[in-house]
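Residue strings, one per chain:
There are 2 protein chains.
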Amino acid sequence: MKLSDLGEKEIVKRLGRFLDIGDDAAYLKFGDEFLILATDMLYEKTHILPKISREQIGKLIVTVNFSDIAAMGAKPIAFLLSYGSPDIELKDFEIMMHGVDDQCKKYNAKFAGGDTNYMDILTLSGAAIGKTKRPVLRSGAGIGDIIAVTGNLGSAGLGTEILLKNLPVDVNNPAVKKALEPEPRVNEGILLGNYATSMTDISDSLSVSLYDIAVSGRVGITLEIDSIPISEDARNVAKKLNLDILDYALYSEGDYELLFTISKENFNKIRKKITITKIGEIVKGSKIVGIKEKKKFEIKKKGYEHFSASTF
Amino acid sequence: MKLSDLGEKEIVKRLGRFLDIGDDAAYLKFGDEFLILATDMLYEKTHILPKISREQIGKLIVTVNFSDIAAMGAKPIAFLLSYGSPDIELKDFEIMMHGVDDQCKKYNAKFAGGDTNYMDILTLSGAAIGKTKRPVLRSGAGIGDIIAVTGNLGSAGLGTEILLKNLPVDVNNPAVKKALEPEPRVNEGILLGNYATSMTDISDSLSVSLYDIAVSGRVGITLEIDSIPISEDARNVAKKLNLDILDYALYSEGDYELLFTISKENFNKIRKKITITKIGEIVKGSKIVGIKEKKKFEIKKKGYEHFSASTF
Chain P
-19 MKLSDLGEKE
-9 IVKRLGRFLD
1 IGDDAAYLKF
11 GDEFLILATD
21 MLYEKTHILP
31 KISREQIGKL
41 IVTVNFSDIA
51 AMGAKPIAFL
61 LSYGSPDIEL
71 KDFEIMMHGV
81 DDQCKKYNAK
91 FAGGDTNYMD
101 ILTLSGAAIG
111 KTKRPVLRSG
121 AGIGDIIAVT
131 GNLGSAGLGT
141 EILLKNLPVD
151 VNNPAVKKAL
161 EPEPRVNEGI
171 LLGNYATSMT
181 DISDSLSVSL
191 YDIAVSGRVG
201 ITLEIDSIPI
211 SEDARNVAKK
221 LNLDILDYAL
231 YSEGDYELLF
241 TISKENFNKI
251 RKKITITKIG
261 EIVKGSKIVG
271 IKEKKKFEIK
281 KKGYEHFSAS
291 TF
Chain R
-19 MKLSDLGEKE
-9 IVKRLGRFLD
1 IGDDAAYLKF
11 GDEFLILATD
21 MLYEKTHILP
31 KISREQIGKL
41 IVTVNFSDIA
51 AMGAKPIAFL
61 LSYGSPDIEL
71 KDFEIMMHGV
81 DDQCKKYNAK
91 FAGGDTNYMD
101 ILTLSGAAIG
111 KTKRPVLRSG
121 AGIGDIIAVT
131 GNLGSAGLGT
141 EILLKNLPVD
151 VNNPAVKKAL
161 EPEPRVNEGI
171 LLGNYATSMT
181 DISDSLSVSL
191 YDIAVSGRVG
201 ITLEIDSIPI
211 SEDARNVAKK
221 LNLDILDYAL
231 YSEGDYELLF
241 TISKENFNKI
251 RKKITITKIG
261 EIVKGSKIVG
271 IKEKKKFEIK
281 KKGYEHFSAS
291 TF
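Sequences listed follow chains P and R, in order.
Going by my numbering, the first sequence opens with residue -19, and the numbers climb by one from there.
Going by my numbering, the second sequence opens with residue -19, and the numbers climb by one from there.
Bound-form chain P, shown alone (with noise of 0.2 Å):
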């Protein structure tokens, strides 16, 4: 049996036979605290969009690795970073370095350490240390808790499309520059460590974090499809493309979002806080049932997979 005969899910579970967590990171007592440390990598031939700039590609491993500590509702302390490519302009280098370094202190964090090999494919990978007084699991959804996001979706799904495929809209349209340049919760999701019953970030897609969450705390979830944000912008790009926004909303990657669940009085009490939404509710069993003009149907777990049939 292969790897590819897995998937990334799947060799993930089997690495955590070794670690003791499923979660978006991993949590550690430490003093009267948690670490949350956490791990993502880019690789240029499966991660990195065309038309990105090299300050966005230093930023992006900062944003993904920060997005992990968000979701456990931590703050980040700390970034480390591996570097390899071939051999590059040293300006260049040094730009990307400065998205590192910028991404890290707008989240005050510090860009801690790094490691620099020649490798023929630019690969960053990175390691963020978080910490927290209650790290927020995927798992502890209750029956009748509200399931909400921050921000909106389908923006960084639809942006990766047209980036792919080349289609005629600007980088700088908001719609695309999700895709090149989104930010991680992390305000949100220190704010949100306090209140919510569970959370996870949104970089497969929200379907598959529906699934995680539902899994995790063995609870099943109503959704109001017609409740998930989707900005004005993304919405008008996709009617002008003739694509469907929703489908993105629903199925696409990377738009680094929080879904988390939360009470409805707690909803209420930080809804004036932050940006977030209600896309739907908490219920007994184990199915994910869609509601959009009181028709139901059951939502599929499934995240596209834009880059490559060989990602696993």
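Don't take every hint at face value.
You can't tell identical chains apart in this list, so a pair holds if it fits in one copy or across any two.
[Unchecked claim] Distance condition first, Cα-Cα at most 20 Å in a straight line; then the derived SDA-like pairs of lysine to any residue:
#, residue 1, residue 2
1, Lys31, Lys145
2, Lys145, Ile32
3, Lys113, Asp12
4, Lys55, Phe10
5, Lys25, Ile101
6, Lys90, Glu74
7, Lys86, Leu8
8, Lys267, Ser119
9, Lys113, Leu8
10, Lys(-18), Ser65
11, Lys113, Pro66
12, Lys(-18), Leu102
13, Lys276, Thr202
14, Lys90, Phe14
15, Lys(-18), Asp72
16, Lys258, Asn246
17, Lys86, Glu273
Since the hints were made in silico from the structure, they are not lab data.
Start from chain P and add chain R according to the hints.
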């Protein structure tokens, strides 16, 4: 100007503009202790020797990272792995992960998280988190201190040469084995953390590490060449192959021993507990002078570039 015009040490120094350290690992005050953070990568083309087993590859990625933690006088607490490879047999992947996990367990650290990706060439990127109340830096050597090393030197360099040139020596010969399966000096590092005035690990070469201690501490070093500890196995193998073992001990990489400075009193106190050898003394000035049979000569700063001219 290209990255290759600089070399890795200089690139890391440039990276150091963003970071505020130039040591084996970064340190960060956390409660009443310091977190120690290190990252290091293995890339099959430039870091993985012929005849190494998959289990040994798994161990090695932990070793290279824990060695940096040990060099700070810290105790490793957790390890993260980003893994990339072409599609391989699941069994082979699991053997590698067992190697990672076993090496973490051996040093009482937690294999805390992982990320897997498709990549064309086997790549393992590790990050290690350690802790200590007192990080030992490369700077800090005082005039009159003893300079000493753990274990012995030259075996890994000799073993690497044997493996790369396919010389007729068994892979289980201890000299060869040290190239394939070095051990990080974790327990020694923790003990030395209480006494050493400066410390670094010997990952590039003794000569390079001596310069790191001398330059960081603004001191000179007198090196007693005949005191450099070399194993009987390595001496015998080198003799048979008509190779100069001293050359490997001084200028070759991969032994992962600790080089440290310490007062005479403390040296005598801990030499009963761990295998350490005095190789010289810290003196005024900035030169590193070797003494052999009463002759003096300046030690050059060089490490073998075993793998590839394009390695930076």
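We went through each hint and held it up to the structure:
| no. | hint | in the structure |
| --- | --- | --- |
| 1 | Lys31 to Lys145 | within (12 Å within a copy, 44 Å between copies) |
| 2 | Lys145 to Ile32 | within (14 Å within a copy, 43 Å between copies) |
| 3 | Lys113 to Asp12 | both (7 Å within a copy, 16 Å between copies) |
| 4 | Lys55 to Phe10 | both (15 Å within a copy, 13 Å between copies) |
| 5 | Lys25 to Ile101 | both (8 Å within a copy, 12 Å between copies) |
| 6 | Lys90 to Glu74 | within (17 Å within a copy, 34 Å between copies) |
| 7 | Lys86 to Leu8 | between (25 Å within a copy, 18 Å between copies) |
| 8 | Lys267 to Ser119 | within (16 Å within a copy, 60 Å between copies) |
| 9 | Lys113 to Leu8 | both (11 Å within a copy, 18 Å between copies) |
| 10 | Lys(-18) to Ser65 | between (27 Å within a copy, 12 Å between copies) |
| 11 | Lys113 to Pro66 | neither (42 Å within a copy, 39 Å between copies) |
| 12 | Lys(-18) to Leu102 | between (25 Å within a copy, 15 Å between copies) |
| 13 | Lys276 to Thr202 | within (9 Å within a copy, 81 Å between copies) |
| 14 | Lys90 to Phe14 | both (18 Å within a copy, 14 Å between copies) |
| 15 | Lys(-18) to Asp72 | between (37 Å within a copy, 9 Å between copies) |
| 16 | Lys258 to Asn246 | within (12 Å within a copy, 64 Å between copies) |
| 17 | Lys86 to Glu273 | neither (42 Å within a copy, 58 Å between copies) |
In summary, the structure is inconsistent with hints 11, 17 from the numbered list given earlier, while agreeing with the others.
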